[in-house]
Amino acid sequence: MLGNINSVLKIRIDELFYLSQNRTYNDTDRLIGFELELPLFIHYLIEVKKMGFGSKYFGWLASFGIVLALSWFLLPEGWNTVVQVFAPHFGNYIRPTVALLNILIVNPLSNLLAVGIWAAAGFVGGVIAGTKKGAFVVALVTWISSQMLLMFYVYMLFTSGVNLGTIPTMPPGASIIDILSIPLVKDLIGVVLNTVGAAGSGGPDIVAIILPVVVYVFVPVIIAVIAGIIGATIRPKE
Amino acid sequence: MNRKATYAILLTIFFIVPPLVAATSSGSVIVSKQEDIGTIINQFIAEGAEVLAVNIDPTGEPLVIYGQLGLPSDALDLTNDMYDGCLALAVVSTRGEFMEYVMNMVGGLFGNLSNPNNVMDSISSKQFESGMNMDDIFQMLGTDFGLLLSAYLNVDAATSSARMGQVLAKINSEFQLSFSELTSIRIDDTMFPPDADVQLPFDSLDLYVYQIGNTFEDSLNLIMSGLDSSGLLGAIDIDTFANARGSAGGLLAIPDMSLIAGMFGNSTPLTFPISGDFSIAQDMPTGPLSIAAIGYNGDQVVSLGDTSLSLKSLIGATGSLTPLSQNTFIIAHLAGDVNITSVSPNDPQYTMFDPNYGSVFWNASNLGSQNDYLINFESDDYPPEIAITRAFSIDSITVGGSVEVTITVTNNADVAVSNVLISDTGLAPLYPTADVSGDTTMSVSTLAPHENVTMTYTVTFANEGGYLFPGAILSYEYNSRTFTKSTPDDGFTVNPDAGAVAGQVIGDAMEQFPEITLGIFALIALTGIYSVLGIIKGRGGSDIVTV
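Here the protein sequences come in this chain order: A and B. The opening position of the first sequence corresponds to residue 26 in my numbering, with each subsequent residue numbered one higher. The opening position of the second sequence corresponds to residue 48 in my numbering, with each subsequent residue numbered one higher.
Everything labelled a hint here was simulated from the structure, so no lab data went into it. Keep in mind it's a predicted model, so treat the numbers as computed, not measured. Mixed in with the good hints, there may be bad ones.
As the list claims (entries may be wrong) - No farther apart than 20 Å at their CA atoms in a straight line, the calculated lysine to any residue pairs in the SDA-like style are these:
(1) A/Lys211 x B/Thr126
(2) A/Lys211 x B/Lys217
(3) A/Lys211 x B/Ser231
(4) B/Lys217 x B/Thr126
(5) A/Lys211 x B/Gly260
Only chain A is shown next, with the shape it has when bound in the complex (with noise of 0.2 Å):
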């Protein structure tokens, strides 16, 4: 069915319509199609992909893998400056602690980046685990990783790094205000002030200030499901 492979993977276009459609190619069925001729490795990778395809816990090395990373390396500028003001003091836990946090309360209207980090995690790991359970299972599991990782980050903050006796300094070049223009920092604020001003009545309505909390963390989860799903959809288990 494939041609040689020694050199190039060559395929028909049609053949791989048939591959993906789990049938057999037929000689009487008519080609249509033109022949594409691909790297040798990309083959390879193909290969590995199906070893590991269906597979929840790849699923979920994956997917943990994506927001670890994306999270570390697309620390938004606000957070890199509370890290820059703050870790001389606290210790290297800050960096991690902040990465994690800043996609793990999430509100979906103020932080996208979060959102597409979530969604690009829970795809992946829903098109490796190939089933809707299983993109289930590999979401919530990666989501409940991730927070176990932040509490073990937060306990060793505040363990190791923590002098509430020091006051942080701002290095030349980082201000307060960049700290302000987090969203996650903008949307408290903003629960904080909207909730003292809507308690006029009587004492702040703790409620509403824990409530838009609680949603903004199980956002990242909720997220992460659909897309997994949507890429279990896409990419059912063969």
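Chain A is already provided as a structure; the job is to place chain B on it using the hints.
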């Protein structure tokens, strides 16, 4: 600097000097009573005015401020309905040590809020009773930021929000400044529980805070680009301001001064250090008020042997300096024991200078276009040019790395200076986790002409982050006088190391929670093995196409 000096500077720059010069020269404005200040400001607002103010400190370092009063009103369209209810609008963009420099100058006004003599006492809150330095607040604010702040008084929330949007669009179209909202706050009675019995002096106050999206250089250029450039502004090189060691620029607009006056309607008249009382409610001008200004502080520009100061060079101008047709004023002050011998131009009708106080005033509009404004003084009025620089062996490092810091003091003069003291001890107290090794102080009894000395120390960083190296301080003596100068504050970045953090996480986890960590790793490993075996058996994998 004490409170009186602070008032003197502010009043001198903005209110007293220009009309004084005008009064002594043209007779069109008379300043005989404080009650006339409102009239004078109203005239400036209506006609427009520009001021170039220069201060040279005893070490020859300049502070330069250029501002326009009244002129930005047209660009901002301050009479438009979108400003109805707007108390004030401020745009400020700053970089480097300028704000700190200015705040140090006016430190008596805002210095320590617990100071019993402080002018802020009447609005100090309980939080400040234990003593609070405004430096701490500015330290947190940082040195580099761009902000727009605005307040609407007694306007319903939707209307004020809509008007704020229109104002932003106007500023964007006139100045090409872009903004992103940081926060907005509405203060009214509903903010407070009824039993708190809070009586606000207004029905509502909407506060808006936006971050400027443009770069600092662009912000300065754009702010100035929207102003009247037919006067001195046309000759000013904005880059001279933007590239200084500290600089800032901004706009302040008060669409209706009577709104401010109304808020102070029943207040006790403020007593100014100059004689007499000044009631804001009575003397505040009415109508729109707008001020736009840029400023910078720089390195030493005059030194031993120099006999004149060119104001043109301070603003980076290359051509002639053409004033507005009216109300352009140039003010210079040479601090310390400077003996001004002459100034140019020196038309007795339009120039005032006081050798005793080192002050010079020019009514530039009446003097017309000039090639330059020069102040001449004795050749030994300023200290020898001694330069101090700080260099880092590398721009940035990763966690655990070290950087070598070298302080170089160079005597660029033809004379020797004595008792040279170098101190760069600011880092260690700020960052206990940074390990400083080597000498951070040094003294040299005599530094010969054109000689230099260096001091080197090493800093090792255990944590990532942005580190502030406070300015290294140099003091030296010449001619029985002691002079002090410093390097700018420097920032140094220690980059993260993802691999090192991963290793640290695993190591700390094993140390803190060995059983749990081993269990998790075992679970991951066993699950992995199980999955791989499943794939090999064909449970989880797909058909592999046979070639």
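Original post:
Keeping to a limit of 20 Å between CA atoms, is the pair of A/Lys211 and B/Gly260 held or broken?
Top reply: holds (16 Å)
**OP:** Quickly compare the C-alpha distance for A/Lys211 and B/Thr126 to 20 Å and report which way the hint goes.
**Re:** Distance of about 32 Å is beyond 20 Å: violated.
Original post:
Does the alpha-carbon distance linking B/Lys217 and B/Thr126 stay inside the 20 Å limit?
Top reply: holds (13 Å)
Original post:
Quick one, are A/Lys211 and B/Lys217 close enough, alpha carbons at most 20 Å?
Top reply: violated (25 Å)
Original post:
Holds or violated: A/Lys211 with B/Ser231, Cα cutoff 20 Å?
Top reply: holds (10 Å)
Hints 1 and 2 from the earlier list are contradicted by this structure; the remaining hints agree with it.
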